[in-house]
Structure formats: C-alpha cells, structure tokens
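Just so you know, the sequences run in chain order A and B. Okay, so the first sequence: first residue is 1 according to the numbering used here, each after it adds one. Okay, so the second sequence: first residue is 428 according to the numbering used here, each after it adds one.
Keep in mind that the hints are not guaranteed to be accurate.
To be verified - Restricting the straight-line Cα-Cα distance to at most 30 Å, the calculated cross-link-like pairs of lysine-lysine (DSSO-like) are:
#1 K487(B) <-> K749(B)
#2 K655(B) <-> K874(B)
#3 K278(A) <-> K470(B)
#4 K113(A) <-> K809(B)
#5 K430(B) <-> K350(A)
#6 K301(A) <-> K470(B)
As the list claims (entries may be wrong) - Partial list, derived from the structure: chain B residues whose beta carbon lies under 7 Å from chain A:
#7 L441
#8 L446
#9 H453
#10 L609
#11 A611
#12 N612
If you are wondering where the hints come from, they were derived from the structure by calculation, not from laboratory data. Where a beta carbon is used, it is the ideal one built from N, C-alpha and C, also for glycine.
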Amino acid sequence: MQRNRELVNFIPVVILMVIGFISVYATRSSQIDASSLSYGLLFVGLYLLMHVLLRFTAPDADPYLLPITALLSAMGIMMIYRINPDQAAAQTTWLLVGLGLFAGILLLRDYRKLDDYIYLLGILGVAALVATIVFGTEVNGARLWLRFGDMQIQPGEFAKILVTIFLAGYLNSHRELLATTTWHFFGIPMPAAKYLGPLVTMWGLSFALLLLMNDLGTSMLFFGIFLAMTYVATNRATYPIIGGILFLVGAVLAYSVKATVHTRVDIWLNPWDDPMGKGYQIAQSLFAIGDGGLFGTGLGKGYLLLGSGETIIPALETDFIFSAIAEELGLVGALAMIILFLLFCYRGFKIAVDSDDGFSKLLAAGIASGFALQTFIILGGVMKLIPLTGITLPFVSYGGSSLVANFVALALLLLISNRNAAARRAS
Amino acid sequence: MNKPIRRLFIVTVLMFASLAGMLGYHQVVQAQRLAENPYNTRKVFAQMRIERGLILMRDKSELSANRLEDDLYYRTYPGGDLAPHVTGYSDVTYGQTGLERSRNDYLTGTADEVELFTILDTILGREKRGADLRLTLVPEVQREALDQLRSIGKNGAVVVLEVKTGAVVAMVSSPSYDPNLLEANWEQLNADPVAAPLFNRATQEIATPGSSFKLITTAAALETGAFKPDSKFDDTKGSIDIYGNTINNYRTLPFGKHDLADAFAQSINTTYAQVGDELGQETLFEYMKRFGLYERPPLELPEDEVAVSGRYEAGKLAGPEKQLDPVQVAWMAIGQENLQVTPLQMAMIAQAIGNGGEMMAPYLIDTISDYHGTIIRQADPKVWKTPIDSSTAAELTEMMIMTVEEGTGSKAQTSKTQIAAKTGTAEVEGRGPNAWFVGFAPAEDPKYAIAVLVEDAPDESGAIAVPLARDVLLAALGL
Chain A
1 MQRNRELVNF IPVVILMVIG FISVYATRSS QIDASSLSYG LLFVGLYLLM HVLLRFTAPD
61 ADPYLLPITA LLSAMGIMMI YRINPDQAAA QTTWLLVGLG LFAGILLLRD YRKLDDYIYL
121 LGILGVAALV ATIVFGTEVN GARLWLRFGD MQIQPGEFAK ILVTIFLAGY LNSHRELLAT
181 TTWHFFGIPM PAAKYLGPLV TMWGLSFALL LLMNDLGTSM LFFGIFLAMT YVATNRATYP
241 IIGGILFLVG AVLAYSVKAT VHTRVDIWLN PWDDPMGKGY QIAQSLFAIG DGGLFGTGLG
301 KGYLLLGSGE TIIPALETDF IFSAIAEELG LVGALAMIIL FLLFCYRGFK IAVDSDDGFS
361 KLLAAGIASG FALQTFIILG GVMKLIPLTG ITLPFVSYGG SSLVANFVAL ALLLLISNRN
421 AAARRAS
Chain B
428 MNKPIRRLFI VTVLMFASLA GMLGYHQVVQ AQRLAENPYN TRKVFAQMRI ERGLILMRDK
488 SELSANRLED DLYYRTYPGG DLAPHVTGYS DVTYGQTGLE RSRNDYLTGT ADEVELFTIL
548 DTILGREKRG ADLRLTLVPE VQREALDQLR SIGKNGAVVV LEVKTGAVVA MVSSPSYDPN
608 LLEANWEQLN ADPVAAPLFN RATQEIATPG SSFKLITTAA ALETGAFKPD SKFDDTKGSI
668 DIYGNTINNY RTLPFGKHDL ADAFAQSINT TYAQVGDELG QETLFEYMKR FGLYERPPLE
728 LPEDEVAVSG RYEAGKLAGP EKQLDPVQVA WMAIGQENLQ VTPLQMAMIA QAIGNGGEMM
788 APYLIDTISD YHGTIIRQAD PKVWKTPIDS STAAELTEMM IMTVEEGTGS KAQTSKTQIA
848 AKTGTAEVEG RGPNAWFVGF APAEDPKYAI AVLVEDAPDE SGAIAVPLAR DVLLAALGL
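Next up, chain B with everything else stripped away, as it sits in the complex:
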C-alpha cells in the first residue's frame, strides 16, 4: 500500500507547489497591478489614516488642515478660495493637485527626512503625522490680488515674487474656487471651459505676451551692444513695411524722431520691428532661453501644472532650429508670432531685471517642519539663471521707469513709491485682448516683482491691468 501513499504525497507536493506559485504570482508579479486597481482603496485609506501636515501661509495662517471622522482624516481648507491653485486639493474621489500632490510625501510623512522621526515615534507610541509646509505666500498680498481681479470682473492671474530671493509672495488665478466644496460643485467647476476655475492661470496658462515681450528684445538689443537707449529712430507713418508686410503702431500713430528708450516707453512697434530684424532670429531665441523660456521654471508645483513658455507651433514648443521668415522675426520682437508665456515666467523676467540680472529660482515653500516643530527643510534661495549683466539691468530699469513716468504705464504712478514696468496687449480671437503688466517696485531698490494678466480686456490699451498691479505692489510694500 506504500506506493499509492507515496503517489498521494507527490500529488500533495504538486498541489502545494501550485499554491506557492499562485501566491508568488499575486505578491510579486501582480502586486503592482493589484495596488493600482481602481477598486483597491488601500492606498487612499492608508493615507487617510495619517494626519496630513498642515499647509500654512507665511504668517502661519492655515490654508489646508484636517478633520477627523471615523478614524479617517479628511482635508479641510480654512483658506477657502484664497489660494486653492497653490495648495491644490486632496480628495478621495478626485485625487490630488497642487502642493497636496507634489509634496504628498512630506504631508503624509513618508518622505525620507520625515520617516526617520516617525520610526522613533512609533517606538514611543506617538501617532503618525505628516510634516507641515509653511509657504512664502503673504495673506494680505494674496487677498489684495484676488480681490482686485474679482473687482474688475475679469479672468486673470497675478504673480508677485520677492526680487532678492524668488519667493512667491502671491499667486492668484481668477476665477478661484473653494476646495471645501469640491464634491458639491465638481460638475459646475468643470462645466465652463472658459472660466475653468480649477485651472491655475498663473502657471498653466500660456498667453501671447504682446509688448511685454519687448523686455527680452530690449535686453538683447542692449546686451549685444547692437543698440543703446539713445539709439535714434524716425517714425513718420505709424506703420512700417517689412519684407512686404505692414506692421502698425497702436492706432497707427506716428511718433516722429525718437530714441530706443522712447520706443520702449511708448511701445512703438515700428521701431521694435526694425530692432528685431537687425538682431535676427538667433539672438532673439538666445535671449529667450537666457530668460528661462523653453525650460520649466523649477517651482514646487507638479510638473504638469507648470507650463513651459516659448514659441509654440500647433500646440508644440518650437525652438530656433527652424529658419523663420524675416517678417516672423520682426513680429516676434514685438511679442507676437505664436509666442506663449505664463504669468509666472513674466514675473520671473521682471524679478531678474530688478535683481541686477540674476534670475532666482522661484519657490513657494519657505520651511517644512515635522510635527515636533523641527525644521527639516528650509528654503535656500538660488540663482537659476543670469540672463543679463547688471548694467543692462540698470538701463532696462531706467526705461521701465520712463514707461511709468511718461509712457504706457502712467496709471502706475503713485506718490508712495517708484514703480518700473512694461505693459503689453495681445489680441485674442473672439474676445478682448490679453492685458499684461510686468514690473517691480521700488525702482531704486527693487523688493517685489509682479506680472499681471487680465483676459478679455475692455480696450486695446491694456490699461486695465496697470492700476491693479500698482495696488498689489503697494500692498506687498505695505504702503
């Protein structure tokens, strides 16, 4: 009878081997797929069992906090609609955006630096809790920017940077939304593709810069030595013929005899078309790159929430590799010709000029501290690029002051401080133009740089953005 017993044992071995095989299949081969299965709530709930770190503004007022219900933590947003595009949201159903997504590891305490403390605390029996993010946002400036955009009733964005460090003092996209009501309003929030409240216009919207781009053209003109602020021009017709194409001034006004600084302050297209033609495509692209276009600004938001500025063709970035028509180059010099930039990028350009030519890496997070209050990460301001030298920056600053004093930015005049700026308008099909304001203050010792984008401006001058920018700058300066 022993032969059949041995055979039974062999059958048993085979059965158990198949069990072991199936076990390995699920735990090793299929583990990833099982973890990612949408019906597997493991990851979501595991994170909901951790008390997420807070997101605070510079004054430690709360933007993101927690509410405990049945042993699970749900996110609440005491800041309401103040800065939802920066914090983003963290929701069981709709996932995560903003810093809630890109800094999820810190907020849940799974980042390496935080984990070290957590193991110790597990031994001590302390509850696991994520690390807090303290942002560089200043509530008064953020509020002022949001209120200003709201009061003019237009969609748009404001970015304010600290000139010396690159710290983001305000980042607003209007219309805003209240992440506390995400579930209730989800359909409505996604219903209107024009208003698009969930969209962060400050970093995601790429818009034609119009005349504000002349900052880069002028920087190239001065830095290469091709032109000086007092280089002479004569505009008799208010329009110019470039290779059979006509480029007009705003309202085709003739400006007569003037120099480059006048052309900058009055935003004379005919002159800048000539400057662009003389500089050529290669130089213009070189300076775009020097100013950080064609690269994703190293902000802490998720990559897909920070757009890359540059020249776009059919929805794709198009660099200098293609030889452009000379007339296209002339158009580019005045900020048209498919150029697309984000408000963040323009603010960074203003910041670089105000900082003597050094462009700082922009950042939103000042400190990250674990739940003991120990700072585990402190912002370390770094120069990202040096697009121009300090003398060019000084010359540009002078021209930007002139723009406010006697040019297109005159509505930014205030007795409280000297603002330096460049304005811009860019036509948009089917609605009013985009109005831009790019500048900094105080001009003599720049502290804050700003970029304002207002969509669907009521007139071609783009003047609507100017007083708004002035008031936000004054708020930042505490004046």
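The following block holds chain A by itself, in its conformation from the complex:
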C-alpha cells in the first residue's frame, strides 16, 4: 500500500526535522525562544494531516513526494528561523495557506477537467505576468513583485503553473500537427508555419519577460519549460535545438542592450574584480559555501549574520538560502539537499512516464522540468556555475508565492500518480 510506504518514509523525515529544530534552538537559544520546538511539532502534525488526507483522496499517489517536500520545507523553515525568527513565522503562515490549497486541489480529484479550461488558465497566467510588468515594484532591478497593501506576491510563480497547465493541454491537442514535417529550413525539418506560432509566441513572451521584467531567471525558466514540454509532445529534437539557438540569440541581444543583464554576466565571469561592490553578493556566497567544508559549521554556527542581525549576504533567506545551508550543513548536508531535489524530479518524470494520457504526461513532465530547471538556475547561480539571477529555491526559500505555487504543483503530481495507479489496476 502506497500510503503505508509514505508513512514509513516519514519516519526518518520526522527524526531529521526534530533534530534540526532542536539543534537550531540549542545553538541560538540566547537569541530565540523555545517556540522553535513548537514549530517542529506543528510541522510534523501538518504533514501527518496531509498524509491522512491523501489516504482518503488519493490513496495510490506517489509515496515519496510528500516526505521529500516535508524535508525540503523543514530545512527551509529551519534555516529561515535561524536567520530571522519573524520571517519564519510568516513563512509558516504561507505554509498553512499552501497546504490548504494543496488539500483543496486534492479534494477536487479530477485534475483532467483543467484540460477544458486551458485557454482561460493560459490567459490568466499571461495576465499575471503582464500585471507584474505594468504594476509591479522593482526589487534589485528586477520587476517581479505585485504589492497589495502590506502583502507582496510574485505572480510569476503562479504563472509558471498556469502556463504549464496551458501548454500541457495545448500541446496535447496539437502535437501531431507540430510533429509533422512540411518544409525544411536550411535542411532542418520544420512543421507547418502556422503551428510554429506558439513557439515564436513563447520565445517572444520569454524575451519580453527578460526585457520588461529585467529578469533573466524567470525568462529562462518559462522558455525552458516550454521547450521541454514541446520536446515531450513532439519527440523532435528540432524544437529544443532551434529553441536553444533562439534563446542564445535572445540572450546575446539582451546582453548587449540591457545593462542589468550585462552586469550580471560580467559579475559571473569576474566576481573578484569588485568583491566589495558588484561582486559582493556572489563573493560572500562563495565564502559561505567554502566555509561549510565537508561537514559544515553546524546549524546556527555559521557566519551569516552581523551583530545587528542583518544578513551578510543580501537576500540570504530567499535567493541565497542554499549558501546558508551549505555553510552550516557542509557538503554532506547540501549534497543531500541536491539529491532530494533530484529525487523529486525523478518521481515527477516517472509519474509522466507512467501516465497513459497525453495531458497527464505533459503536465507531469512540465512540472518536473520546471522544478528541475528552477532548482538548477538558482543553485547554479549561487555557486557561480551560471550567471546569478534571483529566483526562489522551491519549498526552501523564504517567500509565500513560491511556496504556495509549488504546493499546487505537488498536488497535481500526486493526483496524476494516483490516477496512474487506478488506470493500471483497471487494465
């Protein structure tokens, strides 16, 4: 039984979570109070509740995804708590919202009805992005935030899910046409020009995101999800290859016209030219990661905060949370986290492979690729593998929008896997 397996998987997760919260509390007890321990208990309780819910709504769903998510989000909140207890309280509130939405989607059960509303969802997604571009506030040069009173949301995170659902539906119904070669472009087999429309539109949209939001990361993410899903739908390498070339052209163009992109790339190439100025963030990130060594400084013992409580790395709890984890948990802990992300992706792709209908397959593959790509973009950025671009680390970074959106994605993956099992039993 899948749910019993899930329950067994929760055992090590709960042990790790409790140890984690206790050690954060022990090392920082002079600055923080015993409420960290109640966070630990709250966490365990919430996830067990979700486990029970799954027993009723999706008993055959994948037994690994929820425990992996629990561990990732626990590591995140633990780290956020260690950095700033107030933010941990906010993040916990968002976790409740996320889990609420998660439960709601599970109760809907038939996610395939979404296929009927893909254009509406697609338009919603694009509208969210457009709204951000028009009404958004700029943070560090990037326009990613919408402000409602005291609350800030990142519509891009929700748009990511909406666009993925849209693409799953659209590509599913057009995949045969897209896969048919009607002409050749410099010897490359091409589908009919009119079906190239979406490809060009997506490229245009990504590029517009880049130019208008000033954000390389979000742009890369959307275009990457699109290419991956098109590839899955058509089984033609032509799409990712042409898409990749288009993206490179766009990136080079952006590098020459957009100062922010130019600067980001220059910092990536030569962070040591100005380690106290432009290169400060990445230099400090590398110092933190390096300081972790094999086993880390221990939770709460890293050099993350100044005497005033300010973080040494700007945006530590959001974009750079992995650097903090790498410092305090070392190569062992950080590698474990990378493996958890890989496992999550693996389960996602496996659910896609197991699906028997195009929409489910594309949706699962789209979610898994988006998850993989987003993780790669931010981790690669903080480690100086690729140019740094501000984007959240799924389930771990501080930030409500990202957390809630990712729980939606998780609910969808679980529902798809539940349906796969039911279909398998039926046949």
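With chain A fixed as given, assemble chain B onto it according to the hints.
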C-alpha cells in the same frame, strides 16, 4: 512520448551532477583559498565574537583586555606602552604580533586544552571565552627599565631574567608605543626605520656584542683548561700585531704586566686577541653553540620575532664550516668580526653563569588559566643547555665582580648589593657605538640576570648602560 521524458531526466541528472560537482569544488578543492581570501572576513569576525583571554602581568594587572561593541570584542591595552612588544597587538586591519599572535589559540579558546571546557560550557549555555595568560613580567621592573631607557633618550632594550628559572621579569624595547592608538598612529609608527617603535629590540635586534662577548671567550679559555684566571700576560704597547693586523686596546692604553682576570675586568683587547688566537676558531664556535647561539631561544613569542644570534655574513648566519683567517678569529674573541647577538641571548648567557653553568629556557608565560580560573598550564622551568660547569661559572663570577669593583663596570657599584658584570661597546657606522651591560646580582646568590643594550652611546666607554642596569637590578631585587 516516454523517450523524450527519459532524455529530459538524463539532462536533469547531468545538470544536478554539475551542481554537485561545483559544490564539491567550492567546499573541498577551493575551501582553503576561499577562507584565505582577503575579502573573507569570516576568520577575523569569528574571532572577534569570542571574548579573548586577558594578558596579565605577574601581579595580575592587565596588559590586554577587551571592549564590547555591537557584539564584537575589540582589544584594549590597559598597560599602554608598558609591554606592547611582549603582548603584541591583535587588530582587524593590521593583524597580530607578539603573544597575541603566538598564543592566539589559547586566547581565543581554540587550543585543545581550552576546547574541552568550552564544549561543556556550550551545553550549559555559557558564553565562550578565551583563556587568560599570566606573564612572568613584574610591573615595577618593567616600568623602571622603560623609564630608565627613556630618561637617557636613547633607543635600546633591557631584558631581565630570573636566574634560577629563566622567567622573563622585564623585557623592554625603547622607543615603545601604545597599541591602543595603533590605527591612529600606524603611518607614523612605520615612518621612521631607525626608531622603529614596533620592532622588539630585546629579541629581534641583532647587534655586535663587542667586549661583552669576552664572557664566551673567557668561558672557553677556562673550561678547556687553556688558561687560568691568573694566567700571565704583558702588554707594553697597548696594541698588538696579529698576522700583520693591528688590534688596539680602548684608547690604545698599555696595561703592562697583568693576568687574565685583569684583562677581563679592564677589557684588554690585546690579551683577548692572543687568547682567541690560541683557542682557535673551532673552540670559539663550540662555546658559542654551547651558550645557545645559532639556535632560536625557545621563548613563547612568534618565531619571526625572536632572532638567532651568531656570526652573520651578508645577512645570513655563518657557522664554523668555513675556515676563517686567524686574524678574523682574533677579532671574534673580542666580540667583533660580524658577531651579532640579541639582548635576550646576552641575558641568557649572564643567567647561565649566575646559575652555576645551567642555562634555563627563558619563558614569558607563568600560567594559563581558563575562564573558570582553572590553571590549564603552569610554567615548568627547564634547563635548556649546560654550557659550562659550576667551577668555571664561579671563576667567571669572580672576574665579573672584579669588573664592577675595579674595572669597566665600576659605576655599577652599590652598597645595597654586589653586582657581577661585563660591559661592552661595539662601533656602529654612522652613529655612536652600541653600549652593552651583561650581568647579574647579587653576585654571591644570583637572583636576576640582565642584559642592556643602548644604541648610539655618547662615548666609546659604553658607560651609559652601567648605572641604568644597576638601577633596574636594584628594582628587581626590591632594594
């Protein structure tokens, strides 16, 4: 559609593998370089978050303490300019010197012995704090030495050792500086290479010993049995011709008929040139080594702050392996010929003679105690070398008493105690000579040994160092 999904997963695996590779690269391969990057303030601030141990004098008065500001500890020096060359400084910008550097592990509580206690305290929720160093320095003696050097207005150094243990009672280098004002005065402190206030003359300066070196020559002469204190000499001209080279007495005074003890007390160069010639290079080098030259004295200061004494050629230590010209050997016997010694080394020689031939390992730290006050390390006086036997030491002591009673050290006479000493002057190009005083007191039961070096002495006699040394010795004896 499953083939492209599998391929996407392979791409994902490759992407994550590159992340893992990059992570390992930073955390393992590059970790050391990142830690040492000058822009990485991790180490400095990590140490600033620890309350450093205090550095105290023998009476527990503070030399180095802490000031807390924004959760960070900054070093303060309540001792001011009293002993900055011993404590050194610990500064975010300028780094560390002295004991602040060499005993940083104890002061920050990272030394193994201290760490044991710290883990327990972490569990008990106590704040981490470094271990305190209690030094052997006696504030009155240290103050007297500094004031004396200041009052004559010359650069120089004084080292006072406890004869029985080798404990450093005073270590002064003048001009001194106030480490509290390090940042404000940094440029000025580094502007004058002659005064060089940051330089610890007591252990870092190597200067020609001049006649004070005759202690070693005489020790060799007596211990080998080649000469006795009453060995007879005759000096008719006040100068001597050695292999075509003329060696003069001070002011070329002829001394007439005399014995070795007279030659020692009056510092007769012509006689010592003959003694050196007779002993030969091998014996002289052997006794230099017996007295600890050519080796770094095992003091607790950082290695590069304790110079090695010996014969130097072109800035490098030159041992006995090269055959010297006989005239060079004669010059060496009277303390010239590129010999270079530190005040610490000379004080150690006096200490050994006063201690019946046993040279103690000099030490600055009496006890190290953790923040509970538990002593985790206690000085354990050890014999470092035994250059001569007690009878030679006794004979030398007699000659040193004579030096004070009727020889070059007469200004060290005092009714309060009997001082035994040897003086020396060594010419320095472009300025007055270096004046040396090396001795101990009381002569009959030696308690304190001293070496004084005064740079740019006003006359050839080197007399300027003598009353200074006397007063410091009296201060040490509490007289």
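Hint check:
{"no.": "1", "hint": "K487(B) <-> K749(B)", "verdict": "violated (49 Å)"}
{"no.": "2", "hint": "K655(B) <-> K874(B)", "verdict": "holds (27 Å)"}
{"no.": "3", "hint": "K278(A) <-> K470(B)", "verdict": "holds (23 Å)"}
{"no.": "4", "hint": "K113(A) <-> K809(B)", "verdict": "violated (89 Å)"}
{"no.": "5", "hint": "K430(B) <-> K350(A)", "verdict": "holds (12 Å)"}
{"no.": "6", "hint": "K301(A) <-> K470(B)", "verdict": "holds (13 Å)"}
{"no.": "7", "hint": "L441", "verdict": "violated (10 Å)"}
{"no.": "8", "hint": "L446", "verdict": "holds (5 Å)"}
{"no.": "9", "hint": "H453", "verdict": "holds (5 Å)"}
{"no.": "10", "hint": "L609", "verdict": "violated (22 Å)"}
{"no.": "11", "hint": "A611", "verdict": "violated (23 Å)"}
{"no.": "12", "hint": "N612", "verdict": "violated (26 Å)"}
In summary, the numbered hints that this structure violates are 1, 4, 7, 10, 11, 12.
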